[in-house]
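Go ahead and model the full structure; you've got the sequences and the hints to work with.
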Amino acid sequence: MLIVLVVVAVVFSLAAEMAYGYCADRYEMSWVRPELAEHAAIVRAQGRLRENGLRI
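Just add 35 to wherever you are in the sequence shown, counting from 1, and you've got my numbering.
Hints are computed from structural coordinates only; laboratory data are not their basis. Take these hints with a grain of salt, some might be off.
Just the calculated beta-carbon pair ranges, DEER-fashion [as the list claims (entries may be wrong)]: (1) Met53 - Glu73: 28 to 34 Å; (2) Val39 - Arg61: 29 to 35 Å; (3) Ile77 - Val41: 51 to 57 Å; (4) Pro69 - Leu37: 48 to 54 Å; (5) Val46 - Gln81: 50 to 56 Å; (6) Ala50 - Gly82: 42 to 48 Å; (7) Val41 - Arg79: 53 to 59 Å; (8) Glu73 - Leu37: 53 to 59 Å; (9) Ala72 - Val39: 45 to 51 Å; (10) Leu71 - Ala44: 38 to 44 Å; (11) Met53 - Ala75: 30 to 36 Å.
Heads up, the beta-carbon is just placed ideally off N, CA and C, and yes, glycines get one too.
Given below as structure tokens:
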């Protein structure tokens, strides 16, 4: 019976660690995405300016 309890505890621990890692990655990505969108907008704006012969 003790072995079963230990196995169940290990399985729950691994599942909790995987869930925490997934949530932590998604939280970290939510901070990165606005910066990437802003960067993409800047690059697009610079591309349009270069097509018109202007330089920043």
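Hints versus structure:
The given range of 28 to 34 Å is respected by Met53 and Glu73, whose C-beta atoms sit roughly 32 Å from each other. With their beta carbons about 33 Å apart, Val39 and Arg61 fall inside the hinted range of 29 to 35 Å. Between Ile77 and Val41 the CB atoms are about 54 Å apart, so this pair conforms to the stated range of 51 to 57 Å. About 50 Å separates the C-beta atoms of Pro69 and Leu37, a value consistent with the hinted range of 48 to 54 Å.
Between Val46 and Gln81 the beta carbons are some 52 Å apart, a value that agrees with the proposed interval 50 to 56 Å. Judged by the Cβ atoms, the range 42 to 48 Å given for Ala50 and Gly82 holds: they are separated by roughly 46 Å. Taken as a hint, the range 53 to 59 Å holds for the pair Val41 and Arg79, whose Cβ atoms sit roughly 56 Å apart. The hinted range of 53 to 59 Å is satisfied by Glu73 and Leu37, whose Cβ atoms lie roughly 55 Å apart.
A hinted range of 45 to 51 Å for the beta carbons of Ala72 and Val39 is consistent with their spacing of about 50 Å. Judged by the Cβ atoms, the range 38 to 44 Å given for Leu71 and Ala44 holds: they are separated by roughly 40 Å. For the pair Met53 and Ala75, the supplied restraint of 30 to 36 Å holds, since their beta-carbon distance comes to about 31 Å.
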